[in-house]
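Chemist: Chain by chain, the residues run as shown.
2 protein chains.
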Amino acid sequence: MSERGSGVATREAIRAAAERLFLDRGYARTPVRDIAGAAGVNAALVIRYFGSKEELFLETMRLTIDDEPLLDVPIESFGRRFVEVVLSTDDIRGVYLALVRGSGESRIAERLREVHEQALVAPLRARLSGADADLRARMAAAAVGGLLYSLWVVGDEDLAADRDELVARYGAIVQQLVAPLP
Amino acid sequence: MSERGSGVATREAIRAAAERLFLDRGYARTPVRDIAGAAGVNAALVIRYFGSKEELFLETMRLTIDDEPLLDVPIESFGRRFVEVVLSTDDIRGVYLALVRGSGESRIAERLREVHEQALVAPLRARLSGADADLRARMAAAAVGGLLYSLWVVGDEDLAADRDELVARYGAIVQQLVAPLP
DNA sequence: GTCTATATGCAGATAGAC
DNA sequence: GTCTATCTGCATATAGAC
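Chains as they are written, first to last, in UniProt numbering: chain A, 1 to 182; chain B, 1 to 182.
Hint data in this document are derived by calculation from the structure and do not stem from the laboratory. Glycine is no exception: its CB is placed at the ideal position from the N, C-alpha and C atoms. No false leads were mixed into what you were given.
Using C-beta positions, here's what the derived DEER-type ranges look like: (1) B/GLU110 with A/ALA122: 27 to 37 Å; (2) A/ALA43 with B/ALA16: 33 to 43 Å; (3) A/ASN42 with B/ARG163: 45 to 55 Å; (4) A/ALA160 with B/SER106: 17 to 27 Å; (5) A/ASP67 with B/ARG48: 51 to 61 Å; (6) B/ASP164 with A/ALA122: 25 to 35 Å; (7) A/ARG33 with B/GLN118: 34 to 44 Å.
In silico negatives: residues of chain A with every beta carbon more than 12 Å from chain B: (8) ARG15; (9) VAL32; (10) ARG33; (11) ALA38; (12) ASN42; (13) ILE47; (14) GLY51; (15) SER52; (16) ARG62; (17) ASP66; (18) PRO69; (19) VAL85; (20) SER88; (21) ASP90; (22) ILE92.
Residues on chain A that point at chain B, a partial pick, calculated with CB under 10 Å: (23) GLY26; (24) TYR27; (25) GLY104; (26) VAL121; (27) LEU135; (28) MET139; (29) ASP158; (30) LEU159; (31) ARG169; (32) LEU177.
Working from the sequences, and respecting the hints, build out all of it.
Modeler: Quick look at the structure:
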């Protein structure tokens, strides 16, 4: 079966190898030759299939946050729960780091905007209403983004030391933005 | 005068050209040859003087925030004023962006930690007291870092639209962390 | 001492052989 | 569909001109 089959499997092998290496080492520190090696093919073939290293990067560095566990959360505890979900969703860290560090390239920056909008702004925006809902959602997304930045880009060890306390207290800040006390 | 003089001027010309180009285009997108060209010398000379492109980058990407205008600020308006100062200090944007994007290199990441600590955490920490002062300062620094991240790395145009309102409202969040209401 | 010319080695990408 | 050979441009190292 599948006289035309093997190309598809090879393409997927390249994609999977690239995803793993990009998440692990980022864009700049991952040579195309290493991706090819991990996939068991020639480096030229990687370019053949995906056009360029940047295309392959964009093909693999996607992120969709699962909203569902957040929909049932009562509004009074939404801020904290959102921080908790973002910090414990597996894929976020690697994708976020790779996109932030690669954002000197304009297309990677564009992807970062999309991911930020979809993963942080949108879930917050969905729970807000009122005239300034959009601004509040964007400020809350900025605050959450700042937590990821401090923990993962800067690597603030003292901030990471007590994760439960961090979730509780930083969550309370986000909560203030989502549903300010009267 | 100065039989040994011209080398000093050349070195400074290279340093100045490098600073301008790194701030403008970042680390990855600035070839050593461009720096040399802008300084009017050969590329090999740049390496001669500074050892490597990375050394030169670290030599130029420093940042010291001027604390003084913050020392007199009453504690009730400190959060807002701090946001205002950070957003309007000229050098911060370029240095911050270049360091964040270059942070895949371990020495650049280390410099980012230093700058984050010195420019964001320390001024906040200086105004706080109490058992949890350090954690509160780090959370406030994360929040401010998130603002820079959203505005400059992500490029959230909607957030940037009304700067005065942003300063007032995001400043209020930082204020909550600096001096929480009783 | 200060600088240039040139060489080395690695990266992404292309042409075309098999 | 896959690989070999090769091009171009990069950071960096060395030799030696002035």
